[in-house]
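Asker: Below are the chains, spelled out letter by letter.
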Amino acid sequence: MTSETVIEIENLRFRWSRGGEFCLEIPAFEVRAGERIFLYGPSGSGKSTLLGLLGGVLVPELGRIRLLGSELTRLKPSARDRFRADHVGFVFQQFNLIPYLSVVDNVLLSCRFSARRRARAMAAGGSLHDEAARLLAHLDLEEALHRQGVTRLSVGQQQRVAAARALIGRPEIVIADEPTSALDAERQAAFLALLAGECRAAGSTLLFVSHDRRLAVGFDRELSLASISPACGEGRAA
Amino acid sequence: MSPLLLLAARSAWNRRLTLGMTLIAVALSVTLLLGVERVRHEARNSFAQSVAGTDLVVGARTSPVQLMLYAVFRLGEATHNIRWQSYRAIAENPAVAWSIPLSLGDSHHGFPVIGTSSAYFEHFRYGDAQALAFSAGKPFAEIFDAVLGAEVAARLGYRPGNRIVLSHGMGDVSLAEHTDKPFTVVGILAPTGTPVDRSVHISLEAMQAIHLDWQGGAPLPGLSIPAEYVRKFDLTPQEITAVLVGLKSRAAVFKVQRDLNTRSAEPLLAVLPGVALDQLWQVVGIAERTLLAVSAMVVAVGLAGLVAVVLAGLGERRRELAILRSVGARPSEIFVLLTAEGLFVTVLGALLGAALLALLTALLGPLAQAHYGLAIRARWISSDELALLGAVVAVGLVASLLPGYRAYRISLADGLTPRL
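Chains as they are written, first to last, in the working numbering: chain A, 122 to 359; chain B, 1172 to 1591.
These are calculated hints, taken from the structure and not from any lab test. Backbone N, C-alpha and C fix where the C-beta goes; we use that ideal spot for every residue, glycine too. What you were told as hints is all true, and nothing was included just to trick you.
Footprint (simulated), chain B over chain A, 3 or more residues, beta carbon under 8 Å:
#1 172-179
#2 197-204
#3 216-224
#4 232-241
Away from chain B, derived, C-beta distances all over 12 Å, residues of chain A:
#5 E129
#6 N132
#7 E156
#8 L189
#9 D251
#10 Q269
#11 G277
#12 E307
Model the full assembly from the supplied sequences, consistent with the hints where possible.
Answerer: Laid out in C-alpha cells, this is it:
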C-alpha cells in the first residue's frame, strides 16, 4: 500500500445474516488520493451496503477495509464512528438536512462531532461561520439564505447545503450517494461540476455512486459495482 | 456533550406543539402532586400549631378525636356539655395550674362564638408556646363586650366600637338571632394562624345572659329580658363545653387524666392533645395516602404520555438519526439525544408544576384560609416537596430511557440509510 492509497479493500465478503447469501464480495478495490471515482450500480446492487461498510456502520464478515492507512475493520465501533466524523463526508440522495437547523447550522453539523474538522474549518476560514459561509457562497448559495430554515430551500439548494456539510473541514474522503437523482438534467450537471470543483479545492477524494451512467463525465475513473464485486449481479437484492 | 444537548433542545423546540401539550400534562400532574403534599403538610402544621402548653383537654365523654375537633379546632359541634360543678372541681384540683373554660354553640356570620374567661387571654398558647396578643383594644370587661379573632375582624371589617349581633347555633343561615342583646367589639387579637383567628370571644356570663330568655334553642314566647336587666340574674353558667387544663407539673399528667376519666361526678373525657392528634392523623392518614397515591398515578399517566409522544415521533425522525450518524454521531449519542429530550420535558414540567403551585397558593391561599381555616402560605419548596420533585424527575429519566433505547436500536439497524 502506498501512502497515496485512500481506500483499500481486500477480500471483502459481506452478508446480512449468517447462512444467507453474500451480497458483496470484493477481492480488491483501491482508490488513490485526489481521485474522482464514478461507481456505477443499479438500485439494489449493494451500493448502500458498500457505503455502510466504508462509513464503518457495517462490518464485513471477512476481509479488510483500510481507509487512509487505518484498518477500519479492526477499530471498535465508537472508533469507527469517530473515524467517519473526522475523515469522511457524506452526501445522500435526498433529505440530507436536519429540518430544525438553519442552513449554516446544518453545514456546521460535521464540526459538532469532529474536533479535527472543526479545527481545520477554523484554520481555513478564520471562524466556523466564515468557513461555512465561504463554502456556501462557492456552492452558489447566496448570503441571504444562510440564516434560513432549510425547509424553505429548493431541492437543488438543499443538495448544495449537504455538499457544503460534507466538505467543511476538508475530509479526505467525500462519498456521494445519488446526490443528483432528485434534480433535473440541467441542474445535475451544474451540481456535479460544483461538487467536483470543491472536492478538488479541498483536496478530497470523491467517490460518486449512481445508477445513472450519463453522469459519468469528467471523472478520473468509471467503475461498475459488478466489476469490483462479481457476486453482485444485476437486480440481486442487497 | 453540550452540542448534543443543544441539538436535543432544538429538536424538541421543532416539535414544540406536541411536546408542549405533554409538557402541560406533566406540569399539571406535578402541580397536583405537590398541591396534595402541600395541603397535607399545611393541614397538619396548622392543627399542630393550634394548641401548645395545654396538658389536658377535658369534655363530655366522646371520642378523643371528636373532643379535639370541637374544643381545639372549633369544627363540628359537641353532643354533650359538662356541668359547671365539674369545671369547678377541675379548676380547684391542686395539681391544676390554670384552666380555660370554653362554651360553644353560637356563631356570628359563620364564625364560632366562644364563651370563656379572662384566663383565655392569659394562659392560652399556640405555635411555639406564643401567648395571644391584641392588635387593637383589650380583653372583655363589660358583660356585652366581644373580642374578635384577626380573621373575623378582617373579613367583616370590624373595629373596636362596632356593634355586632350573635346568631344562635352554627352555620351561615341562622334561624334565630340574639338581636335584643348586641355586643360591642372591644378588642381584636393579632393573627395566630390558628382557629383563634376565626373565633368571636365573649365571657361565659354573656353567653349565659343571651340565653336567659331562651329554652331548647328558641326564645321563650312572651318572655323577653332586656339587656339592661340581665345583671339582676345569676349569670353563673350551668354548663360549659370543654376545658383546657394546664398542670403545675407535667409529670402529673397521667395521674390527673386517670382521675378525671374515672373518678369524676359525671362521665368526662380528658385527653392529651398530642396523643389525640396522633389518633387524628391515623384516621386522616389513610385519606392522605390515598390522595398522594392518586396524584402519583396522575404523574405516571403524564410521563407515559410523554414517552408515547417521543416514541411516536421517532418514526418520522429515522432520517434525522441517519444524518446524525453519517456526520459521526455514535449510537450512544443518539441514545443520549432521545433520552435527553424526555428528561428535558420532565424537568421543565416539574419546574413549571412547582411554579404553578406557587401561583395557585398565592391566588387561592386566602380563599382556603377563609373557607377551611387552612393557612396555605406561598413559600419556598419544602424538602419533602423537593424529594417528590426529585422522584418525578427520576421516574421521568427512567421512562425516557425507553425512547432512547429504541432510537439506539434504530440507528444501529439503519446505519446511514433509514429503512422507511
